[in-house]
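Those protein sequence lines, which keep their order, are chains U and R.
Start counting the first sequence at 1; every next residue gets the next number (our numbering).
Start counting the second sequence at 1001; every next residue gets the next number (our numbering).
Since the hints were made in silico from the structure, they are not lab data.
Do not rely on the hints blindly, as some may be mistaken.
[To be verified] Stretch by stretch, here's where chain R covers chain U in the computed footprint (C-beta under 8 angstroms, at least three residues): (1) 52–62; (2) 291–302.
[To be verified] With a straight-line cut-off of 25 angstroms between C-alpha atoms, the simulated DSS-like cross-links for lysine-lysine are: (3) K1086(R) with K321(U); (4) K237(U) with K1031(R); (5) K195(U) with K1086(R); (6) K321(U) with K252(U).
All C-beta atoms in this analysis are idealised placements derived from N, C-alpha and C, irrespective of residue type, glycine included.
Below, each chain spelled out in residue letters.
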Amino acid sequence: MDKDADCNKSSSEGESKNAVPRVLFADRDLSTVELVTSCFAHRGWSLETVGLEASAEGNPLVERMKRGTFDVVVADLLMPGLDGMSLLRQIRTQRPSQPIIVVSACHSVGDFLSFMREGVSDVLQKPVDADSLTRAVRRAVLSSRDRERGDSVYRYVAHEETELVFTSRELADVRVSLGILDRLVAARMIDIGMKLRIDLAFQELVANALEHGNLELESSWKEDLDSQGLDRFSLVKRERLADDNFGGRIVKVSVSYVSGMLTVAVQDEGLGFIPDVPEEWKTESLDPHGRGLAMIFAATDEVEFSKVASPGHGTRVRFRKRLV
Amino acid sequence: MEFNTEIIGDKGYIRVEGDLDSEQSGEALRKAFNDLFDKGRRTVVLDLTSVQIINSYGIGKVLMCYKRLKSENGVLMVKPLAGFVKETFELLMLDKLLPVDN
Chain U
1 MDKDADCNKS SSEGESKNAV PRVLFADRDL STVELVTSCF AHRGWSLETV GLEASAEGNP
61 LVERMKRGTF DVVVADLLMP GLDGMSLLRQ IRTQRPSQPI IVVSACHSVG DFLSFMREGV
121 SDVLQKPVDA DSLTRAVRRA VLSSRDRERG DSVYRYVAHE ETELVFTSRE LADVRVSLGI
181 LDRLVAARMI DIGMKLRIDL AFQELVANAL EHGNLELESS WKEDLDSQGL DRFSLVKRER
241 LADDNFGGRI VKVSVSYVSG MLTVAVQDEG LGFIPDVPEE WKTESLDPHG RGLAMIFAAT
301 DEVEFSKVAS PGHGTRVRFR KRLV
Chain R
1001 MEFNTEIIGD KGYIRVEGDL DSEQSGEALR KAFNDLFDKG RRTVVLDLTS VQIINSYGIG
1061 KVLMCYKRLK SENGVLMVKP LAGFVKETFE LLMLDKLLPV DN
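Using the sequences and the hints, build the whole thing.
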């Protein structure tokens, strides 16, 4: 195989600057060191080599890792006179999630399985082929960076508090969503189904605060149709949104996510209304309305209604849901 | 969001494409239903298989269709449900109320 041509071909695929992997390479076999050095140099990757001979200071690989971080460690851990498994465990103790690629001239299926059980990213057979090594390093770097990204998203969403204020008119025009849910899905902390259920519970709360709270609309008006088939609910809604006494009223939304607990509170400026919450939702109740409450209760762990005593009126509804 | 109505024999069919999670979609369902009801259909089948999300606006309108048919000894049926819509119907026990048209 033409090693240089192979390396040039791969290099021409391009490697963005911030994706340059930092690789620590440990091997006693000069031909492998030469191949890896040449290939990495062509690609512009950052490579540092160390020996594997233990000295009074300890193993150079372990010692080097104490002084710096690397995206990937590539090492021949099956050399005569070297207890590779013990070395691997020392590395793991020091850096539990360090991506490691093992290269070796001869390894049995048993060795292979032992390395994989210790969580190495890959095991490559010597003589190492430049293509395989390139692919293995890339895979290890990508999966490690994915993990780091996940961790940083987790940290980002680990504590979040937001308070938003809308007028009734604004709420009638926009759909307010809980951005935290998207971030939790991105961090794989909740699934899409959970997001959907909580988001709908939130939409029900907001619609309730707007329509029954601030605009003081009655659900039964939805069935009260005029000669043109227009329902009273929609007509009065339109009128009241245009009226500052109703359309100018405020809805406050506060969202907090602390230590895995999501708390959402929605407060209106209406007359203040605490609904009767049935102990059980019954089929016999054919009221076309009020089902939103059931959806809120089903999607959350706890729902609390309270009348706002001051500065004006209104109802505050808060739900809590443990997500992690 | 699309609402397609069709009449096959005595039955009226409403196929909903999109989500039933807003006043507008609820209103569109009401209009599609009224169209079939005014044409004398007293058995109406709702096909919600393409609906991903339903909220109280949608549920309210489904129940209004149900009540209107029931008041004239009619019946509201649904095509087999799946996913979130099925979950919501079960939660609100609408699955006990609306027979399935297979």
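Results for each hint:
1. 52–62: Since 0 is below three, the answer is violated.
2. 291–302: holds (count 5)
3. K1086(R) with K321(U): Distance of about 22 angstroms is within 25 angstroms: holds.
4. K237(U) with K1031(R): Roughly 19 angstroms separates the two Cα atoms, so the pair holds.
5. K195(U) with K1086(R): holds, 17 angstroms
6. K321(U) with K252(U): holds, 19 angstroms
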